[in-house]
Amino acid sequence: MDIENGFLQYKQYGWMLIGTVSIALVFVLFNVARAKKSSAVTIRRIAGLDQIDEAVGRATETARPVLMSPGLGVLDGIAVQALTIFASIARSAARFGTPIRLLNFDAAVFGVAQEMIRDVYLSEGVPEQFDPDSVRFVSDRQFAYASAVAGVIHREKVAATFMMGEFFAESLIMAENANMVGAIQVAATTQVTQTPFFVAACDYVLLGDEFYAASAYLGRQPVLLGSLVGVDWAKMMFMLFLIVAVIWHSVQALGGVSPDEVAKGNVVEGQEHPSKDQLFFVYITKLSRE
Amino acid sequence: MNITSLLAQDQTPSSFSLLPSDQSKWLLIVGTVLVVSILLFLLTRAPSNMRRPVVVSITFIAGFLYFLEWVLPKYRITEEGQEVVRQWFFGLSYDYSETVPILSRLSQLLTGILLALGVFSIFRLHVRRLLKRDPNWLFSLVLLSSLIAMAYIGFSKFGMERSVEYRLMTEEQLKATNMYAAYDLLFDKGLQTLDAAMFSLIAFFILSAAYRAFRIRSIEATIMMAAALLVLLSFVPLGIALTSWINPDSVAGNLRIESVGQWILLKLNTPALRAIDLGLGLGVFAMGIRIMLGLERGVSVD
Amino acid sequence: MNSLLSQSVFEDPYGTLFGDGRWQITVAAILTIGLYSLLYRENKFYRLVEHIFVGLATGYSIYIIWNDVFYPQWWVPMVGKVGPDGNVIANSNWLWAAVAPVGIVGFFVFSPKYAWLSRIPLGTIVGLWAGQQFLAFQNRFIPQIANQAQPIIPNEWTLMQPGLPPGTVTISDAINNFIVVITWLLVLSYFLYSFEQKNKTIQKSAQLGRWLLMVGFGAIFGTTMMTRFVLFIDRATFLLTEWLRLGPTT
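Protein chains in written order, with this note's numbering: chain R, 1468 to 1757; chain H, 52 to 353; chain F, 4 to 253.
Treat the hints with care, since some could be wrong.
[What the hints assert, rightly or not] With a straight-line Cα cutoff of 27 Å, these simulated DSSO-like cross-link-like pairs (lysine-lysine) come out:
1) H:K318 - F:K207
2) F:K201 - H:K183
3) H:K240 - F:K84
4) H:K208 - H:K183
5) F:K84 - R:K1503
6) F:K203 - H:K208
7) H:K76 - F:K47
8) F:K47 - R:K1624
9) H:K183 - R:K1624
10) H:K240 - H:K226
11) H:K208 - H:K240
It is worth saying that the hints were derived from the structure and are not from the lab.
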């Protein structure tokens, strides 16, 4: 049987890749189950998140609206995460009677947002306060979206902005315009290349995956806490993985380079992969490039 | 028949893949729409405790299809291998990996249909403003008319591109048509110019953001802007000129501004961003698991 | 309007409604200036251009989603396609019709009573995304980590110099590799949430991680600044050279 040709993704060290990801998967599932059972699962304080309520509070004092933008993402986990945070912001807004503006880039995200925010007002007992036009689809073209958001920021003199999700070049247009009207700003983006601009322009920025920690932190739901701790375990696993790999490579490198490996193409000039034996990390990188 | 021929664009004629000339396709299309609609209608009658299981299982199955693609063995099929590989499990797994691209198309189509939700939202907002004679009603009128004009020209272009006359036209003749002129005005001179203009506005905003960051007297902001300045200088001739007196071949040559800039980019920027990216990647990963298991309130039903 | 558009297409291909004048460029320039007026403050001119922008963008999206998605990926596979000389380009896979009602159910978001039905298409979209994350994570991040694993002990006690054989780890390489590894570890340690960072060492390392992160952000800031100015220069050239015909013409 021609199985030589099969199981391509498990070949060589491919099983290690799948294995590592599976371990991370198990970490998350295990901790979710653990958190559901016991209340011992906790997370540390996250500074930026304490500011969300303050920002909504300030908007209430001025009676100007709170603006939320889930960024340019399509309907995926990032957008769902952003909307989950927005739902908790909308909850505070509904309690204080602060008007909201949730401006969407993607129509499917708009659909989910429309329903989620309506549910928030319903569960707060003020369904009549919900204005369907406060959750809007604006445009699904990047800069048309940015120009329209800038327009809303100026015309309605928003008191606070929450930009959370996937942002690209338009991040600065929106953040700087909000600065022009003196809004208090909390931002988080999954696009690392845009984080520096938010850091420069906004009052509080959730760095990196603090964005994902936010819903666990705000809601204290066991499931979310557990999943966050599972992710932590995976991070520590990868840290250990790197330390072991560095030591391994260092020891191997001490022995110099074998001409065989050079001939086989496992050692490429300009790339520092010296080894005497087969290096599984070299194989991993090679395999993934195929 | 296997699953590939069911939905994939398998061109072997079968009961699922009719010849275009076969007019019974219309009956089947209408029939499919009706059957699915009836099924969905029946769902509205379902008791409310059924809702969550229905939605959660649909989400789970959708995700599981890709999970399977990840773990099921993959093949590179050779001429001789064809027969062998098509045995039970392996054959199924091969067919499966051939069928998976359909899923991304499905997702695209569903997202596409939902665009109409957004268009509805726009019309609702602006027609309401028109009717109420909102102070900004004139702008709403402008928005709606440019929307309709652009869509109209777009669809006319679509129709024209599929006409017989279009195929016979030379490029010069094409450029002389009203259609071309209208599309050029609305798309090239309108939409694309506006895109470029808005994009270039960032140059001003980046300056004001930099100024703001320089004024914040925190350690973090100072570190960030110092690194920004160094890297910026390493790109511009003026910056490079500052340290051009250092001999590039000496050890001190490492202190030339372009070397420092490159070093920051490669040895500090790259690992720092990779670390933050790994955190984000794991966040997405965990999010995916939670969505598949129906643990995210946002997309499941309470 | 329809006849006007098609008229010249089919009967008078050389006469255009809009001529070949330069006024289109003037329109483009006015639109550009309209958007730029935002820098001063929000005004009626900006508002007009903004609404034109959003209108055109949405209109274009409607057209392009038919042209790029529905027509080639749904309509053609569903009803089949015959080429100009009668050859079959695509067969009719009529089962694609099932997608339409499932997608249309999404409109129930506006009805409080049946809103849950909209979760069927929305849940499918998100579910499909979720399933892709395993492979996506594996392909993107594990090679990244593996690539960072470079030797940190030199096997040749010299500084970096040209002409060394591949695989040589000089003192410079070792130091640089160490910095890369330690930066990655410190930054990642800042993003651990499961324990309070009470321990002094952990606090210090997380703080250092944050600072290193800021250096990384600064580097992005610097590089992006360059590209953004290039974009502005491009627009300035458009306004000055192409529209006002000032300066050197190309």
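F:K47 and R:K1624: Cα distance at most 27 Å?
holds, 16 Å
Please work out if H:K240 and F:K84 have their alpha carbons no farther apart than 27 Å.
violated, 34 Å
When you check the alpha-carbon spacing of F:K203 and H:K208, does it fall within 27 Å?
Violated: F:K203 and H:K208 sit about 67 Å apart, past 27 Å.
Is H:K208 close enough to H:K240, meaning Cα to Cα at most 27 Å?
holds, 17 Å
Take the C-alpha atoms of F:K201 and H:K183, compute the straight-line distance between them, and say whether it is at most 27 Å.
Violated. F:K201 to H:K183 sits at ~59 Å, over the 27 Å cutoff.
Decide if the proposed pair is consistent with the structure: F:K84 and R:K1503, CA atoms, cutoff 27 Å inclusive.
Cα-Cα ~55 Å, so violated.
Would you mind confirming whether the straight-line C-alpha gap from H:K318 to F:K207 stays at or under 27 Å?
holds, 21 Å
Holds or violated: H:K183 and R:K1624, Cα atoms, limit 27 Å.
At roughly 22 Å apart (the allowed maximum being 27 Å), R:K1624 and H:K183 satisfy the hint.
Within 27 Å, alpha carbon to alpha carbon, are H:K76 and F:K47?
Distance of about 54 Å is beyond 27 Å: violated.
Has the given pair, H:K208 with H:K183, been kept, meaning a C-alpha gap of at most 27 Å?
Roughly 35 Å between the alpha carbons, so the hint for H:K208 and H:K183 is violated.
Straight-line alpha-carbon gap H:K240 to H:K226, limit 27 Å
holds, 15 Å
When each numbered hint is compared with the structure, violations occur for hints 2, 3, 4, 5, 6 and 7.
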